[in-house]
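Start counting the sequence shown at 0; every next residue gets the next number (numbering that gives the first Met the number 0).
Source of the hints: derived by calculation from the structure; they are not laboratory data.
No experiment lies behind these values; they were computed from the predicted model shown.
It is possible that some hints are incorrect.
Claimed, not checked - Straight line, CA to CA, 27 Å or less: simulated DSS-like cross-link-like pairs of lysine-lysine:
(1) K48 - K258
(2) K173 - K268
(3) K237 - K226
(4) K226 - K331
(5) K48 - K411
(6) K66 - K331
(7) K257 - K237
(8) K411 - K364
(9) K268 - K48
(10) K237 - K258
(11) K48 - K66
Stated by the list, open to error - Derived Cβ-Cβ restraints for the label pairs, each shown as a range:
(12) W211 - E31: 40 to 50 Å
(13) D343 - P254: 13 to 23 Å
(14) E278 - E176: 19 to 29 Å
(15) R27 - P254: 36 to 46 Å
(16) R68 - L362: 18 to 28 Å
Backbone N, C-alpha and C define an ideal beta-carbon position, used for all residues, glycine too.
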Amino acid sequence: MQKFSIRLIASLLLLLHSTANIAADFDRARPERLGMSSDRLERLDAVLKSYVDNDQLAGQVIIVLRKGRIAYSSANGMQDIAAGIPMRNDTIFRIASQTKAIVSTGIMILHERGALDISHPLERYIPEWENMQVAVSNDNGGYSLEPSRSPITLRNLLTHTGGMSYGSGPAADKWEEAGFQGWYFADRNEPVGDTIARMASLPLDEHPGERWIYGYNTDILGAVIEKASGMDLNSFLKQEIFEPLGMIDTHFYLPEEKKGRLATVYRPKASGGIEARHETNGMQSQGMYDNGPRVSFSGGAGLLSTASDYAKFLQMTLNGGQFNGERLLSPKTIELMTTNHLGDIPFRSGTGFGLGFSVVTDLGKRGSLGSVGEYGWGGAYHSTYWVDPQEELVVVYLTQIIPATGLDDYAKLRSGIYQAIVD
0 MQKFSIRLIA
10 SLLLLLHSTA
20 NIAADFDRAR
30 PERLGMSSDR
40 LERLDAVLKS
50 YVDNDQLAGQ
60 VIIVLRKGRI
70 AYSSANGMQD
80 IAAGIPMRND
90 TIFRIASQTK
100 AIVSTGIMIL
110 HERGALDISH
120 PLERYIPEWE
130 NMQVAVSNDN
140 GGYSLEPSRS
150 PITLRNLLTH
160 TGGMSYGSGP
170 AADKWEEAGF
180 QGWYFADRNE
190 PVGDTIARMA
200 SLPLDEHPGE
210 RWIYGYNTDI
220 LGAVIEKASG
230 MDLNSFLKQE
240 IFEPLGMIDT
250 HFYLPEEKKG
260 RLATVYRPKA
270 SGGIEARHET
280 NGMQSQGMYD
290 NGPRVSFSGG
300 AGLLSTASDY
310 AKFLQMTLNG
320 GQFNGERLLS
330 PKTIELMTTN
340 HLGDIPFRSG
350 TGFGLGFSVV
360 TDLGKRGSLG
370 SVGEYGWGGA
380 YHSTYWVDPQ
390 EELVVVYLTQ
400 IIPATGLDDY
410 AKLRSGIYQA
420 IVD
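Just need the whole structure built from these sequences, with the hints factored in.
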């Protein structure tokens, strides 16, 4: 009984410390003062906790900002079930593809300074990407190669129309042979610039600018940042984004003193429930973010962060490029980033893609609660975020499960937030 009491007190102290950390970053207000209903947010709270209670997720951290203040935040469940570590608001997560928006912002910082231009061809910064070949499938199950109809531009990469996937296109055999399949870079023992230069020898999946394909686009942009800035990607992001915004817990690799705050990755069990992934290397594993080579900085999927840190980044975009007196970008640049650039290129129903974010273009066609102009994305470990400028809303939702089969928490999260808006 005494041990239980000590453990309970320790958990409460951790929770108070964690809540204090978020409060130090953003002011908290009673939801009614922000046009949201406390009673209705309790519905959301109960729904989110049910995924933990039903053994579908180990835990979650969520933060909802409205008008720049905290309307709702919660840390549910466990950071590590076996170790008995509760989830906290300052738990660190693998945010995977949520890295893309941050690196895209880095590109736009350099664009504003004239260090590069997003209309420029990629080969201007990384010459190996000149005169690319495109693999075209044929009727025999193989493919032929033809010259690219146009060069890859930086804007192509920002909009995922650069022509490359994650190595799964018609020439997948060549990409596999070269060691380029999947988004995981943490185990690579070479600088990302060297990796991207080698990648240029492989055929594209499509002609640049003609189709939206999810792939290595933003990892390539990370290498462009290094070329244009003369800094490694980690140092550039730290100097230009993380430090100005106070993102003190956002890293490519964990500092030694923060290893105890990294959430464990889980997976569904065939018999129901979840279990920890015990692998230490690879995309769908605990990864090498704490004990890997610490050499390769993946602009497409490499960062670790907290809900509070990522909310600071998103609030900066909602504020038109500034946060807490620090301006990273101009309002017009944010406007360009959050505008659909795809034109007639097919994407998701009611949704287009800007410079680093998906963008809602038709609410009825998308068919879920939100607003036209809303932008966001997510990560492979089942994290998501969005910004709704019409509602002055920022949402960050972090979990660590892969694959996230059979889960409908994203839809419930969205419904729970919007049904709580009453003004």
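So, going through the hints one by one against the coordinates:
no., hint, result
1, K48 - K258, "holds, 26 Å"
2, K173 - K268, "violated, 34 Å"
3, K237 - K226, "holds, 16 Å"
4, K226 - K331, "holds, 25 Å"
5, K48 - K411, "holds, 12 Å"
6, K66 - K331, "holds, 20 Å"
7, K257 - K237, "holds, 17 Å"
8, K411 - K364, "holds, 19 Å"
9, K268 - K48, "holds, 20 Å"
10, K237 - K258, "holds, 19 Å"
11, K48 - K66, "holds, 25 Å"
12, W211 - E31: 40 to 50 Å, "holds, 41 Å"
13, D343 - P254: 13 to 23 Å, "violated, 46 Å"
14, E278 - E176: 19 to 29 Å, "holds, 23 Å"
15, R27 - P254: 36 to 46 Å, "violated, 28 Å"
16, R68 - L362: 18 to 28 Å, "holds, 25 Å"
When held up to the earlier numbered hints, the structure conflicts with 2, 13 and 15 and fits the remainder.
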